[in-house]
Amino acid sequence: MTNKNLFEQAYTVWEKRTSKLLDSAMRNSQILKASSDFMNQQFKSKIVVDQALLKTWRNLLLPNKKDQEKTLHLLNELHSRIFDLEERIEELNQAKEKPVTKKKTRSKATRSSAYP
Amino acid sequence: MSFDVLADENANRPLKWTHFVPGLKHFRPANLPIGSTAKDLVHSENKLKLFRYRPLSTTTHSNSGPILLIPSLINKNYILDLLPGYSFAEYLLKQGHDVFILDWGEPTDEDRFIDLETIVFRYLQRCLQFISETTQQKPNLIGYCIGGTLAWLLALEKANEIDRICFLTTPFDFHNESLLSEWSRFESFDVEKMVESTGNVPWYLMQSSFHALAPLSPIRKWQKLAEKSGDQEFLDRFYALETWGNDNVSFPGAAFLDLIKVLYRENSLMKEKFELAQHSLVTGSIDNPVMNVYSQTDHIVPLAATQALKKIYRGTEYTDLPSLGGHIGAIVGGRAQSETWPQISQWLSSSD
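Protein chains in written order, with my numbering: chain U, 2 to 117; chain Z, 35 to 386.
Chain Z with its partners taken away, still in its complex shape (with noise of 0.2 Å):
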């Protein structure tokens, strides 16, 4: 069919501007409260922001300690903070939790600097720090992705600062069979000069590979919001969860640098010793409760990748969470709100 058809065919039918803009309006609403329970500024250092929640709950947990809301590097922390009544920060406040939460900002050309040893023991030590003086007690991590490979580099050097320890769909063993592992490790892919040429990763570089892994979902999730499109709660969380794909953040180069090199290419977490920078980083010397929450469907981070902390804990406090969904509704989906979220707070509170 020739364009010139398709014109005459739409001549009849003129493109009405007046309902294009609503419907626009209507899929990307601004107006829906994402991240919106309420928190203070506690501290900042360069782009990076901790917040600490005002408390929900009259009565608090005297066994707990604070927790640590840590995100993933690449998008924005309020997938920990979606929407009123369905926010994974919002319900461990009603369970009378002490929660802080990490910003890590958008980095601007200056931050291309920035490495892993930068961001790990030296802006979420100084977190750590921060909320310990604060609260007098050893504050509990909750890593969501790299937020908790993060949470477990800083623990390698920090344990006895910290209290517990709970992965979200973290990655360990970073030779896994997934796509992005093996196309981070492709010997023809030049990170160097990746990083030379854009300083920070951008943001459309990693979603458009994160996008390839599943090239077809979007057709599912099309079919989904048609099928729902009349329940209004599933509208609002699936436009909140849309706006927060869509809302991602640059990578700072050299910390991109780092995660390409020391994690996925030489995939240092699986080693008994390894440096990171100045650190000398030994893998026993963590002897912390763990738990860690996993999705035998993540796409993103396989099953192998996340159970290979079972190999790596010297502990004897492994705990084992498996959720439904892929790697985001592991966390955030219905089941993770009816289930998961429970269970995490129930283990959280059962410290000595």
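So that you can see chain U by itself, here it is in the shape it has in the complex (with noise of 0.2 Å):
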């Protein structure tokens, strides 16, 4: 048997081994306890830190972070909802042209160039 050989199979046993114990750890439910309660503080010391920023641009009277996420996610609803009254014209469209039995397809060159 070579070197090489040898060295792969011990390494393959490791692997196995270190794997097996490594999974092990991961499910242990104290570390786990541990690592979340840690990962939780950090989280809850963000929201002190980005709350405290809020009130300081609130108190400037200046739009915060939290106030364009809500403006710019707004914008997207209301594209969104332009895409509802469109289909809905289409049905009503549709429903007005009847007998005609072929379907209308909607621009494509209108849908792709509508938002950028």
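Derived by calculation from the structure, the hints in this document are not laboratory data. Check each hint, because a few of them may be wrong.
[Said to hold, decoys possible] With a straight-line cut-off of 20 Å between C-alpha atoms, the simulated DMTMM-like cross-links for lysine to aspartate or glutamate are: (1) Z:LYS255 with U:GLU9; (2) U:LYS66 with Z:ASP143; (3) Z:LYS262 with Z:GLU276; (4) Z:LYS305 with Z:GLU191; (5) Z:LYS344 with Z:GLU226; (6) U:LYS47 with Z:GLU211; (7) Z:LYS83 with U:ASP85; (8) Z:LYS345 with Z:GLU226; (9) U:LYS47 with Z:GLU226; (10) Z:LYS81 with U:GLU70; (11) Z:LYS110 with Z:GLU167; (12) U:LYS99 with Z:GLU226.
[To be verified] If we take Cβ atoms under 7 Å as the criterion, some of the chain Z residues that face chain U in the derived model are: (13) ASN80; (14) ASP224; (15) THR331.
No residue lacks a Cβ here, since even glycine has one placed at the ideal position from N, Cα and C.
Hints in hand, dock the two standalone chains.
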């Protein structure tokens, strides 16, 4: 048996045992609890800092990050509503055009260029 | 060994930056034609983009509807169109299928409010409608990983607007033996606090948990790279996959909350009935033909998680397709290319 083969066999045994050990460690409830608590603490700290910053901006009568996020989200919602309305209008037009059997297809160009 | 000794040793062998930079370039070649199959943007909504591939075959499948490829939310979509000659999308096109692909885009801060309902019943549903109207045929869905779960959720309400559904390593039973399931369900993990503090869940948090699932696997990966460093085809595929594996996107906050609460903790997909925001979904409402592609050695979506589809599917046309490799290899590995892709294409072509 060559040294290389011997090393490979030894490595495979080490890999299997270490994987097993790591797997059981990562399932261990005490380890999971400790890491969850640590992460939760980090998240809580970030929330406190973020809220302090939000209040500072608000006190300066300036829009804060949350305001900007909400506004941009509402713009996206509005864009989706426009699509909803387009679809509704198309449905109504189709109902009007009956008994024309061929269904109108939406212009691809309008769709893709409507939003960059 | 102290750092002083190392410094002394290196003093005789100064770092050659002229070699280092080309070495890095060799590892992350920017000029690999990743996701390069010709396609056109046909619809967009917020960050989502829907592309339609240009045909590559002169013959078309008259008995197969268009195909919508739904990638996972966590990664970029080019895993399904990796490299020329090594692309699932390209393969389907060459078989004469009409193929569309979704690009979820990269969520920005305001997208923290986007939940699973918006993703499935607004964005995905509109794409489905768009494809049906454009092609005048019922689309077939192919969902990869969580993309398959989203396809299932949509089908629970819109089954009559879909032809066939193919699931690629898709989880259904979220109460499984995987570490991801265990961590997500661990009661001390405060997912609300996480989303409140991070907004969108950052990709690096998610990627580090995926790395922790198989912490020793990089050693084998680099060993294989060293062994096959003379094989240019292998190197191209390896670099392309590495690029994809490190090119993750963050997860919209509200959707992540739904993923953990509705799917992982409540395991809603395994229930007869469940609610997703305004939508009441009934498990038994799907009787479309389905195909379930899975791997027995998948450490992200274990066998039991994906095989659970058998329990919740009430239709009569269920096809199992085992594939070799892990979560990614089962879909884009060499064997997938020669065995799995042809079977999927054939199954899609066997529509009534």
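Z:LYS255 and U:GLU9: Cα distance at most 20 Å? holds, 14 Å
Just to be careful, I want the Cα atoms of Z:LYS262 and Z:GLU276 compared with a cutoff of 20 Å; is the pair within it? holds, 15 Å
Given the hint that Z:LYS305 pairs with Z:GLU191, test it: the Cα-Cα distance must not exceed 20 Å. holds, 15 Å
Verify the proposed pairing of Z:LYS345 with Z:GLU226, using a straight-line Cα cut of 20 Å. violated, 31 Å
Min Cβ distance, Z:ASN80 to chain U: is it shorter than 7 Å? Because about 5 Å separates Z:ASN80 from the closest Cβ in chain U, which is inside the 7 Å limit, the hint holds.
Is the shortest C-beta separation between Z:THR331 and chain U less than 7 Å? violated, 13 Å
Hinted pair, alpha-carbon criterion (20 Å max): U:LYS47, Z:GLU211. Please report holds or violated. violated, 32 Å
Take the C-alpha atoms of Z:LYS83 and U:ASP85, compute the straight-line distance between them, and say whether it is at most 20 Å. Roughly 17 Å separates the two Cα atoms, so the pair holds.
So if I understand the rule, the pair passes when the alpha-carbon distance is 20 Å or less; does Z:LYS81 with U:GLU70 pass? The given pair, whose Cα atoms are some 15 Å apart, holds under the 20 Å limit.
For the pair supplied as a hint, Z:LYS344 and Z:GLU226, is the alpha-carbon distance within the 20 Å limit? Violated, at about 32 Å.
Sort out whether Z:GLU226 lies within 20 Å of U:LYS99, counting only the CA atoms. Violated, because 51 Å separates the two Cα atoms, which is more than 20 Å.
Is the interface hint for Z:ASP224 satisfied, with its Cβ closer than 7 Å to some Cβ of chain U? holds, 5 Å
The structure is inconsistent with the numbered hints 5, 6, 8, 11, 12 and 15, although it conforms to all the rest.
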